[in-house]
Amino acid sequence: MEYNNVTHTFSPVYNAHSRILILGTFPSVKSRENQFYYGHPQNRFWKVLAALTKSPLPEDINGKKELLLTNGIAVWDVIESCQIAGSSDSSIRDVVPNDIGKLLKHTEIRQIFANGQKAYDLYMRYIYPETGRKPEKLPSTSPANAAFRLERLIDTWGKSLGPHLSER
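In this note's numbering, the protein residues as written are 450 to 617.
The reader is advised that the hints may include incorrect statements.
Listed next, the in silico BS3-like pairs over lysine-lysine satisfying Cα-Cα at most 30 Å (straight line) [unchecked claim]:
| no. | residue 1 | residue 2 |
| --- | --- | --- |
| 1 | K583 | K554 |
| 2 | K496 | K608 |
| 3 | K514 | K608 |
| 4 | K551 | K514 |
| 5 | K479 | K586 |
Across the chosen pairs, the derived CB separations fall in these ranges [what the hints assert, rightly or not]:
| no. | residue 1 | residue 2 | range |
| --- | --- | --- | --- |
| 6 | H555 | E600 | 14 to 24 Å |
| 7 | T456 | E600 | 34 to 44 Å |
| 8 | G581 | D509 | 35 to 45 Å |
| 9 | I510 | G581 | 27 to 37 Å |
| 10 | Q566 | Q532 | 14 to 24 Å |
| 11 | N454 | G550 | 16 to 26 Å |
Keep in mind that the hints were calculated from the coordinates and are not lab data. Where a beta carbon is used, it is the ideal one built from N, C-alpha and C, also for glycine.
Use the sequences and the hints to build the structure in full.
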């Protein structure tokens, strides 16, 4: 396995109306190429959010930002930089976390969600000791999570995110 030292190169998406923060681990190779979150065409993140917000599936970065911000959703990743082999979360080592505590201090975020077990574990290890705010763990939207078909992801995410989306 070939490891690369990689730094996150795009900003979190949030505004003053963000109430929900969804955290991933670190951008995949495709997301790094596209310079935006969940850029792999097989990742179901945008399909899940479009279904839950009853919005059309966004086709470009501006549409994705609009979907997030219109619905009070902020998106970021736990990791600022790390060593990683390709896009494999299981290969992540030498983690430098993002300053999520600073983001939380400057927003109205009420609930934090971790997109998958690895994002949850990394948050609990590196961020929770600082913030004291525990995230809710959601099943990963990654194509690697074959146990969850799209319909099951939408249902599971809906039970957790739904109440927060209707607070507008």
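Against which earlier hints does the structure fall short, listed by number upward?
6
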